[in-house]
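Colleague: Sequence:
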Amino acid sequence: MSNDSVVSDFVLIGLSNSWEMHLFLFWFFSVFYMGIIMGNLFIVFTVIIDSHLHTPMYFLLANLSLLDLGLSSTTVPKMISDLFTDCNIISFPKCMIQIFFIHVMGGAEMMVLLIAMVFVRYVAICKPLHYLTVMNQKMCILLSVAAWIIGLAHSVIQLVFVIKLPFCGPNVLDSFYCDFPRFIKLACTDTSSLEFMVIANSGFISLGSFFILIVSYISILITVWKHSSGGSSKALSTLSTHVMVVILFFGPCIFVYIWPHPTSHLDKYLAVFDAVLTPFLNSLIYTFRNKEMKVAMRKVLCGQFIIYRRIS
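Counted the way numbering that gives the first Met the number 0 counts, the sequence shown spans residues 0 to 311.
All clues given are correct.
List of simulated lysine-lysine pairs, DSS-like, C-alpha gap at most 27 Å:
{"hint": "1", "residue 1": "K163", "residue 2": "K93"}
{"hint": "2", "residue 1": "K163", "residue 2": "K184"}
{"hint": "3", "residue 1": "K163", "residue 2": "K77"}
{"hint": "4", "residue 1": "K126", "residue 2": "K225"}
{"hint": "5", "residue 1": "K137", "residue 2": "K126"}
{"hint": "6", "residue 1": "K126", "residue 2": "K290"}
{"hint": "7", "residue 1": "K184", "residue 2": "K93"}
{"hint": "8", "residue 1": "K93", "residue 2": "K77"}
{"hint": "9", "residue 1": "K77", "residue 2": "K184"}
{"hint": "10", "residue 1": "K290", "residue 2": "K225"}
Pairwise CB distance ranges (calculated):
{"hint": "11", "residue 1": "L265", "residue 2": "F203", "range": "17 to 25 Å"}
{"hint": "12", "residue 1": "C86", "residue 2": "T132", "range": "53 to 61 Å"}
{"hint": "13", "residue 1": "M20", "residue 2": "P169", "range": "21 to 29 Å"}
Hints in this document: simulated from the structure, not taken from any laboratory.
Note that the Cβ used here is the ideal one computed from N, Cα and C, for glycine as well.
Sequences and hints are given; from them, build the entire structure.
Modeller: Below, the structure is given as structure tokens:
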């Protein structure tokens with residue numbers, strides 16, 4: 000991972016220069032990151048332990064939790080540690096590794112949200128009689144593997160071009176992590192073609208995926224309105240949580256990658272949603288708004304408490 004660059008390290012400006020703000024951000028990100036770790040790992044553990052949750056939707060939910068955990072762990076730990084250092088430096092190889100995993104996890108999560116979970120929701124609501132036939136174990140594994148492969152391809156396609164760029168200075172990134180839009184602007188060569196590639200690969204895919212989701216949800220809503228009021232209210236409640244997750248995930252992505260020439264600090268603050276808030280809210284939305292998950296989690300907690308009492 001070497002090139003002909005003069006610059007070998009990059010300086011991350013972060014979110015603020017104020018010491019008081021650093022203390023607030025430290026507690027804010029620390030609390031949220033602990034919530035992300037505990038919440039998402041508990042979801043995965045519950046889905047594995049409880050046999051009642053061995054269904055397509057919860058299998059994909061466990062995958063989503065792992066992706067959220069990985070996406071946050073790529074950026075948040077360094078962001079927290081940088082709050083108490085005078086110069087937040089990241090080397091070129093580490094910057095490339097961070098970009099690689101951000102887009103692998105983000106691309107895979109995008110496809111889990113777009114292809115897998117909305118497909119399962121569509122079959123369950125619009126084609127209930129075919130649900131068990133279509134959504135078998137083989138289909139779930141196929142959707143999960145396809146999401147990871149697409150995420151890997153999405154990241155590698157961009158990275159193979161960016162990694163060869165020459166960097167002669169300056170080396171200051173107005174962000175708290177490395178990513179394509181701001182990073183390629185530091186190259187001492189014409190990057191207009193690469194900026195267009197970022198728009199096409201990350202921006203338009205995010206925007207196109209979002210519109211496809213809107214069309215899919217409209218189709219599901221039309222079907223829901225044709226059902227009885229009791230079933231409709233339950234389906235609408237479940238659907239609203241999924242829509243909330245999609246908006247929180249795709250909104251910042253569309254803004255950051257559709258606009259590859261940052262003119263304000265808004266994009267780096269919006270990136271906090273994808274790095275911290277969305278992974279944290281996902282675990283809350285899929286637990287406190289889901290009766291089956293709450294029942295299963297209570298069973299797991301009670302079971303672990305009983306085992307602990309017997310051992311002690």
